[in-house]
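Under our numbering, think of the first position of the sequence shown as 1, with each following residue one higher.
Careful, some of the hints might be misleading.
Unchecked claim - Lysine-lysine pairs mimicking PhoX-like chemistry, simulated, CA-CA at most 25 Å apart:
1) Lys-160 to Lys-36
2) Lys-140 to Lys-71
3) Lys-57 to Lys-120
4) Lys-71 to Lys-36
5) Lys-93 to Lys-107
6) Lys-100 to Lys-120
7) Lys-36 to Lys-67
Said to hold, decoys possible - Computed Cβ-Cβ distance ranges for the label pairs, DEER-style:
8) Asn-97 to Ser-63: 46 to 56 Å
9) Pro-34 to Ala-121: 34 to 44 Å
10) Ala-60 to Lys-100: 48 to 58 Å
11) Asn-80 to Lys-152: 18 to 28 Å
12) Lys-67 to Ala-121: 36 to 46 Å
13) Ile-151 to Ile-37: 13 to 23 Å
14) Ile-151 to Trp-79: 18 to 28 Å
15) Asn-134 to Thr-74: 18 to 28 Å
It is worth saying that the hints were derived from the structure and are not from the lab. In this text, a Cβ means the ideal position worked out from N, Cα and C, and glycines have one as well.
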Amino acid sequence: MFTCKIVWPRWPFKCSVRNTSTTPDNKSIQPPNPKKISSDMVGPPDPVSNLRQIIFKQPANESDLEKKYRKMRTEVQEWNQNFWTQHNSRFFKERENYLKNNLPEGKSNLTADEMSVFYKAFLDKNWKGHINYNIEWYKKNITLLGLAITIKLRRIFKIKD
Numbered sequence: 001m002f003t004c005k006i007v008w009p010r011w012p013f014k015c016s017v018r019n020t021s022t023t024p025d026n027k028s029i030q031p032p033n034p035k036k037i038s039s040d041m042v043g044p045p046d047p048v049s050n051l052r053q054i055i056f057k058q059p060a061n062e063s064d065l066e067k068k069y070r071k072m073r074t075e076v077q078e079w080n081q082n083f084w085t086q087h088n089s090r091f092f093k094e095r096e097n098y099l100k101n102n103l104p105e106g107k108s109n110l111t112a113d114e115m116s117v118f119y120k121a122f123l124d125k126n127w128k129g130h131i132n133y134n135i136e137w138y139k140k141n142i143t144l145l146g147l148a149i150t151i152k153l154r155r156i157f158k159i160k161d
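Using the sequences and the hints given, assemble the complete structure.
Structure follows, in structure tokens:
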């Protein structure tokens, strides 16, 4: 099988064809054009947020409602990415500070029980942010679900914009 690995920042794609392997220069690769891909494309996990970026396919005959749905999905993905990038950055920074201040000399790391004190304190400090995030996440997903159902029903009943 040929494996081509297309890489641009945070986005390696793999495709199979026949027996060779190439890895193009990272700087010359552009993200795929949403108008030319055959389906949504999912990338690798982001190193900070742990979320996978999705490039949503943009069909040639996309209706206004489908365009609104695709754009909203992209906005929700960006909102989610920003939240988890900020949250996890704070977590890593605070964990490093905790380790610096609580790691006894001669020890390379703390036990799970010793770290549980930090984890609980971090969660307690951020619980309100998590609740607000969950409320917003549900609102955004219900809106997306409503749009998706409307689009599906319009296709089933062949209703034009």
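Going down the list of hints, with the structure as the test:
For the hint linking Lys-160 to Lys-36, the alpha-carbon distance of about 24 Å falls within 25 Å, and the restraint holds. For the hint pairing Lys-140 with Lys-71, the CA-to-CA distance comes to about 13 Å; that is within 25 Å, so the pair holds. For the hint pairing Lys-57 with Lys-120, the CA-to-CA distance comes to about 41 Å; that exceeds 25 Å, so the pair is violated. The hinted pair formed by Lys-71 and Lys-36 meets the criterion: a straight-line CA distance of about 17 Å does not exceed 25 Å.
For the given pair, Lys-93 sits about 20 Å from Lys-107 by alpha-carbon distance, which is consistent with the 25 Å threshold. For a cut-off of 25 Å, the pair hint linking Lys-100 to Lys-120 stands: about 18 Å separates their Cα positions. Restraint check for Lys-36 and Lys-67: the C-alpha separation of about 16 Å stays at or below 25 Å, so the hint holds. A hinted range of 46 to 56 Å holds for the C-beta pair Asn-97 and Ser-63, which are about 51 Å apart.
Checked against the hint of 34 to 44 Å, the C-beta distance between Pro-34 and Ala-121 comes to roughly 43 Å, which is consistent with it. Roughly 55 Å separates the CB atoms of Ala-60 and Lys-100, a value that falls within the hinted 48 to 58 Å. For Asn-80 and Lys-152, the Cβ-Cβ distance of about 23 Å falls inside the hinted range of 18 to 28 Å, so the restraint holds. One distance hint, 36 to 46 Å for the beta-carbon pair Lys-67 and Ala-121, holds here, with the actual separation near 45 Å.
Between Ile-151 and Ile-37, the C-beta spacing of about 19 Å keeps the proposed range 13 to 23 Å intact. Take Ile-151 and Trp-79: their Cβ atoms lie about 21 Å apart, and the range 18 to 28 Å holds. For Asn-134 paired with Thr-74, a C-beta distance near 21 Å keeps the hint of 18 to 28 Å intact.
Against the hints set out earlier in the document, a violation occurs for number 3 only.
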